[in-house]
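With chain A fixed as given, assemble chain B onto it according to the hints.
As they're listed, the protein sequences go chains A and B.
Oh and the first sequence: position 86 is 86 in this note's numbering, straight run, nothing missing.
Position in the second sequence (first residue = 1) + 1000 = this note's numbering.
Honestly, the hints are just simulated from the structure, not real lab data.
Cβ atoms here follow ideal geometry from the backbone N, Cα and C, with glycine treated the same way.
Take the hints with a grain of salt, since some may be wrong.
Said to hold, decoys possible - Partner residues are not named here, just some residues of chain B that face chain A (Cβ under 7 Å, in silico):
1. Phe-1010
2. Gln-1019
3. Gln-1040
4. Gln-1161
5. Ile-1165
6. Leu-1168
7. Tyr-1171
8. Glu-1174
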Amino acid sequence: MVRRVKQHKQNLTDEKIESMLKSLPKIEDKQDMDQLYINVMQKFNEAKPFKQKKKKLWLGPLFAMAAVFLIGFIYTAYYVNDGKSGEIALDEIADNGDIVTENFVPPQEESIPSPSNDEPMAYATTFPYIYNDLVEKNDFFGLKLGMNYQEVIGLLGEPLTSEDFMSNLRQLKYTEEGFGIQLKFNMNDGSIVEYIFYPQYLNDTTKQTSGIFQLPITKAGILQMFGEDYQTSHVLCEDQSPNNCAEYIYTLDEKRQLTVRLDEAESNVVFIQYATTNFTEPME
Amino acid sequence: MGGFPMKEVFQRLYQEYHQDIFQFLFYMVKNRALAEELVQEVYVKVLKSYNKFKGESSEKTWLFSIARHVAIDYFRRQKRMRKRIMDNFDWQEKGYLIQDQTKLPDEIAVLNDDIRKIYQCLHQCTVDQQSVIILRYIQSLSIQETAEILNWSVSKVKTTQHRAIKSLRRYMLELEDGEKSETT
Chain A
1 MVRRVKQHKQ NLTDEKIESM LKSLPKIEDK QDMDQLYINV MQKFNEAKPF KQKKKKLWLG
61 PLFAMAAVFL IGFIYTAYYV NDGKSGEIAL DEIADNGDIV TENFVPPQEE SIPSPSNDEP
121 MAYATTFPYI YNDLVEKNDF FGLKLGMNYQ EVIGLLGEPL TSEDFMSNLR QLKYTEEGFG
181 IQLKFNMNDG SIVEYIFYPQ YLNDTTKQTS GIFQLPITKA GILQMFGEDY QTSHVLCEDQ
241 SPNNCAEYIY TLDEKRQLTV RLDEAESNVV FIQYATTNFT EPME
Chain B
1001 MGGFPMKEVF QRLYQEYHQD IFQFLFYMVK NRALAEELVQ EVYVKVLKSY NKFKGESSEK
1061 TWLFSIARHV AIDYFRRQKR MRKRIMDNFD WQEKGYLIQD QTKLPDEIAV LNDDIRKIYQ
1121 CLHQCTVDQQ SVIILRYIQS LSIQETAEIL NWSVSKVKTT QHRAIKSLRR YMLELEDGEK
1181 SETT
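Just chain B, same shape as in the assembly:
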């Protein structure tokens, strides 16, 4: 029989990986409530396919890989929804109503200026670049583990990481230049 004690599996995965997976999702979507919702989706997908997990990769990289797909699914849904809204939006009449409502999460808001800025700039990177940066620098995973999660070659991880750092540097400088020109 292919059944498994679902609650026990859930509890074990929760104890071992929950905070890491949650943190990964938080930095991907930059919203605590949303990360709380998505982490549930991750567990649903994990429990549904737990029987099929063959141990070819580590359980940890398997979970991160599912979490990344859940985040990407969310971005796609958002993109479709945004497109629908944009198509129906009256830009001439209501364009002035659009403002950036993104509020910095409490954990980030209390940090020093540089760290707040790097957090904001991370948002400007591509999804692939964000994935690599979060896995490598925030989750402290190795290049090999990151490659397994993303299903990439090691060299692709290295290249994307390098480009992501260059992009972040450029965004940081642009952000600072923008701030300076606003004050003068």
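This is chain A alone, in the form it adopts within the complex:
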């Protein structure tokens, strides 16, 4: 018995182990490639944007402010005391709040206004992440120009209802309030050339599939999300009122642009349009 064990030990050489390892079977994945792509895109959309190492941008302004205070302090101490020694000046300034406050310059308010309390907050402070994804990756919460309908549904889920009209437009309803998305197709290949989002009919915080369901509804939220690098144009408001509505146009590149239509008061979002600019409408 002992001899048999010893013999086995001798037989089990490194080469035999290597040969056994090489005999392990090939394992194949049987997932369908298209379904896998849809699953990947869903996860891609849910994944947080890569956190770039934050450059400590606040350090510069902080030092600058500290320097302003220090200079102000020394200046005040010197002139208020007519060149008396620093120690006396310090005491006097401590007693005389007015002098200190005269020299205090409040920091400039940020040019981007804060979103209102009604704004869905999840994406309110995301500039420039979402805007950068849009510019660099043609990626608007996972949606891209050039996708087909199935890919969009794979990302957003099935709508409650949909309606087709004018041969190449389809509207999707995700909440009972109204149609929240309109898609325009290139009928030659079925790809999407334009998305229009109506945030007031999309905002549904229970839906976690895409940030599309938490788009900003106010001008402040738009500026927080996309920044201020836009051009303004004025167009007639859709409801045939004589008034003009402002449109903020973000030119993403020579072929794509993002347009935000605001209401007459220029405070609430009517729609957000993400479109190819060089698409030619089909001949009727």
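Using the frame of chain A, we list chain B on its own:
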């Protein structure tokens, strides 16, 4: 512009490398359903950083390297979860409930005894040893490619490979000794 046609990139990577990456993940985690899930994570990471891929290594070794990190992330998550469960587990009352639920995958279960055993023993190796063994003997990659994937020197790959084979031999003998003592 730094954009790229994501679907086309996905399709190309899938055609060229998918089965290799899936197989690597399967042998790392030893579970088909889990490998299916992790391979999706690999694609998400690949597509997110595709713009940053500079071609300093080959696309193949880059993908394997991401797959390995995804597997290691999974092991870490498991370890944390296991620790939480262990800390809260009543060993005196429920210790008898613990049994090894690991079932051999179908592809392995049908193989001969030796191959089944080597598969089981592979599980006992360290993660580094498993990585080297899978890349070298199952994926048939060269030492140089393995070193690139693991971001190691060639000599470290050779040493780890050598130790892994020695460990596997020892585990095989222990397994057989254990089986013999159970039958007698």
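Going down the list of hints, with the structure as the test:
Checking B:Phe-1010 against chain A: minimum C-beta separation of about 6 Å stays under 7 Å; hint holds. The closest approach between the C-beta of B:Gln-1019 and any C-beta of chain A is roughly 6 Å, which is under the 7 Å cut-off, so the hint is satisfied. Checking B:Gln-1040 against chain A: minimum C-beta separation of about 5 Å stays under 7 Å; hint holds. With its C-beta approaching chain A no nearer than about 10 Å, B:Gln-1161 sits outside the 7 Å limit, and its interface hint is violated.
Against a cut-off of 7 Å between C-beta atoms, the interface hint on B:Ile-1165 holds, since the closest Cβ of chain A lies about 5 Å away. Here the hint on B:Leu-1168 is kept, as its CB sits about 5 Å from the closest CB of chain A, short of 7 Å. The beta carbon of B:Tyr-1171 is not positioned within 7 Å of any beta carbon in chain A (closest approach about 10 Å), and the interface hint is therefore violated. At its closest, the beta carbon of B:Glu-1174 sits 11 Å from a beta carbon of chain A; the interface hint therefore is violated under the 7 Å criterion.
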